[in-house]
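Sequences listed follow chains L and B, in order.
Mapped onto numbering that gives the first Met the number 0, the consecutive letters of the first sequence carry residue numbers 0 to 336.
Mapped onto numbering that gives the first Met the number 0, the consecutive letters of the second sequence carry residue numbers 0 to 336.
Check each hint, because a few of them may be wrong.
A pair holds if it fits inside one copy or across any two, identical chains being indistinguishable in the list.
Unchecked claim - Keeping only pairs whose Cα atoms sit at most 25 Å apart, straight-line, the calculated DMTMM-like set for lysine to aspartate or glutamate is:
{"no.": "1", "residue 1": "K133", "residue 2": "D40"}
{"no.": "2", "residue 1": "K184", "residue 2": "E67"}
{"no.": "3", "residue 1": "K89", "residue 2": "D30"}
{"no.": "4", "residue 1": "K73", "residue 2": "D30"}
{"no.": "5", "residue 1": "K257", "residue 2": "E67"}
{"no.": "6", "residue 1": "K44", "residue 2": "E149"}
{"no.": "7", "residue 1": "K264", "residue 2": "E74"}
{"no.": "8", "residue 1": "K15", "residue 2": "E134"}
{"no.": "9", "residue 1": "K44", "residue 2": "D200"}
{"no.": "10", "residue 1": "K240", "residue 2": "E145"}
{"no.": "11", "residue 1": "K328", "residue 2": "D215"}
{"no.": "12", "residue 1": "K119", "residue 2": "E323"}
{"no.": "13", "residue 1": "K49", "residue 2": "D90"}
{"no.": "14", "residue 1": "K70", "residue 2": "E236"}
{"no.": "15", "residue 1": "K70", "residue 2": "E198"}
{"no.": "16", "residue 1": "K247", "residue 2": "E209"}
{"no.": "17", "residue 1": "K70", "residue 2": "E182"}
{"no.": "18", "residue 1": "K211", "residue 2": "E67"}
{"no.": "19", "residue 1": "K240", "residue 2": "E169"}
Note that these hints are calculated values from the structure, not bench results.
Protein chains: 2
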Amino acid sequence: MIRIGIDAMGGDYAPKEQVLGAMMAIRNIPDIELTLYGDPDQINKWCTDKTRLLIKPTAYVISMGEHEPIKAIKEHPDSSMASMLASLRKDENDAVVSSGATQALIAGAHILVRRMQGFKRTAIAPVIPSISGKETILLDAGANLEIRPEHMLQQAYFASVYAREVLNREHPVVGLINIGTEEGKGRQFDQEVFQLFQETDLFDFYGNVEPKSIFDPPCDILISDGFTANIVMKTMEGTAKGIGFMLKRELTRSFWGKIGALLAKRNLNQFKRSIAPDEIGGALIYGLYRPVIKAQGASKAYGFYNAIRQAATIVRNQVFQKVENYIQKSKADDASE
Amino acid sequence: MIRIGIDAMGGDYAPKEQVLGAMMAIRNIPDIELTLYGDPDQINKWCTDKTRLLIKPTAYVISMGEHEPIKAIKEHPDSSMASMLASLRKDENDAVVSSGATQALIAGAHILVRRMQGFKRTAIAPVIPSISGKETILLDAGANLEIRPEHMLQQAYFASVYAREVLNREHPVVGLINIGTEEGKGRQFDQEVFQLFQETDLFDFYGNVEPKSIFDPPCDILISDGFTANIVMKTMEGTAKGIGFMLKRELTRSFWGKIGALLAKRNLNQFKRSIAPDEIGGALIYGLYRPVIKAQGASKAYGFYNAIRQAATIVRNQVFQKVENYIQKSKADDASE
C-alpha cells in the first residue's frame, strides 16, 4: 500500500474540497491509504467513506495569507501542515499533498522533511501548458536564485526521471532557457551549464531554447536558474492575463463583437481554461527526502484528487529512489576514482 | 534644421516603403532635412518630392538575413547602412534611421558611431504595449548580459530623460524587474541595484516590479540586466504567439465558434494588431554618440515615417545632450570630491 498524508485544512476551499478529493482518490486508486490531518469534526462532515482512511487530529491551521510562513511553521508543530510534513521523516507516509500556503509549505518541507541525501539544491518544478497539449516541466521556479551548474545537472536529471516515470515521456529531452539558440549564447553561467549538459549521458540535451517557443518547445523540460525560470513563469502569467483582458475589452467594444463573443462563448471559455493557472496542476519540490506535492490553493475536489494521483504515481514508480540510487552510485564512483 | 540620415535600402520592403515613409516625413515635419543612402535609380522610382532631401549614392546593401553581421559591416563601408552610420561622427547628420538587419546595425553603431563620452554600457530599449495604451520602455533588451549596478543607473537615467522628452511622461517612474515586490528580493545583484536606485535623485524609483504585471506596470520604465530583460521580451513574444494560436484553434473547432469569430472579426483583428510586435515600434540604442533608430524590418511607409518622427523628436528635445550634460557634470563632481 502507498501511504499518502493529506493536509485536510489547507486551501481556499478546505476542508470540503480536500476531503471530497480524498474520497475520489480512495474510490479510484486501489493501492493507496490516506491519512487526513486536521479537525475531525470538520473533516467528518464530508468524509462519507473510511475505507483505507485515517484521521489524525491536529489543533491549528496555517492560514492561506500567512505573512510569516517560516515563523508559522516553526511555532505550530500542531498544525495540519506541519504534522503532515513531519510524518515523512517518521516513515508514517510515503508522500504528502497540501493546497496550503505555498511559502509555508516550502519552508516547512525544508525544515521538517529535509533534502534527499546527496541532493544539493532542491528545485520547484511547476508544469506549463503547451500548444501540443503535453505539459512542459519548468524549473527551477524560484528555490535557488543563484546556483552552480553541477547542481542544475542533478535537477535536470530528477526532471527527466519524473518526466519518464510520471508523465510517460519515453525519451525526455532537456532544454536550457537562453536568449539565443546557438552554442555560446548567454552568460558565462549559461555557457558552463551548456557544456556540462552536452557532456552528460544522464539525459538527452537539446541545447539552448529561446522563450519565444515557450508554448511549443522542442523539449519536455525547460531549465534555468531559479531567478530566470521564475521570471519566465511570471512573464507568461502577466502576458496571458494582459492579453485576456485586452481580448475581452476588444470584444465588448462593438455590437457585432459582443454577438460574436456570445456565439463563441463555449470556445472562449475552453480557451480561457486551457491557459488558466489552476488547470496547470500542482508543483513538485525536487530533491526532498520524500515527495511533497503543492496542489493549487484554489483546488476543487477533482484538482486535489489529481494531485493525490500524482503523488501515488511518483511513489509507485519509485521516482525518488531512482534519483537517490543514481546519486549514491555517482558518489561511490567519485570516491573510487 | 534637424538632419536625419535614412538607410533607404534596409528592410523587408526597401527601398519602396522607406522612401514613401521619407516622403510622408518631409510633408509632415517642417524642421527636418533628410539624406537618403542607397541606389539613386531605385530610390528615384518612389521619390516624388526632393524638398529638403538629398540622395547619397551607395554601392552595397547588407542583406536582412546577414549571417555574419560584424564582418559584413566592417567589409562594406560602401553599404547604405555603414555610410549612414559613419555620417554621424562626420557631423553630417543629427540622427539616423534604418529598418536593416538588427545585429548588423547594432554592431555597426558600436564600430562607426561609438559611445557617448562617459556612458559606460549602451542599452537596447524597445517599448512594449500595455493595457492602458501607454507604452512601457523595456531595457536592456540584450546589449549587456552582465552589467554593474552603476551602469544600470546611467541607463535608467537615459530612459527617464527619453520618457519625459519623447513620450511626454511628466514624471517618469523606473521599476526594477524582480521575482517579488518586497525590498530584499532577488539576487545579490538585484538587491544592489535596488539600493542604488533608492538612493538616487536622478529619477523616481518605484521599487521592484514582478513580470506578472508586465501589461499593467506601475511605472514607465522596466529595467534589468540584458539577459533578464531579453528573457522577459522573448517570453512575452512566445506567450502572445502561443495564446493567439490556441485562441484561433479553439474558435475554429465548432460551427458556432466559427460564426462567432466571423462576426467579431474586426475586433479580433484589432486585438491582434494591439499585441503584434510590428505595432510596438522601433527600438533606440541608448548611450551612443548620436541617436540610431532601429525601425522594424517589416516596416511599411507609415511605420517608417513614425521612426523618422521619433528621431526628430529626440534631436529637437535634446535627449542626448541632456544625458551627456549630466554625465559630464557628475564626472566633474566626482573629480572635485
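Inset, instruction - Would you pick out the hints that fail for this structure and give their numbers low to high? - result: Result: hints 1, 4, 5, 6, 7, 8, 9, 10, 11, 14, 15, 19 break, sorted rising.
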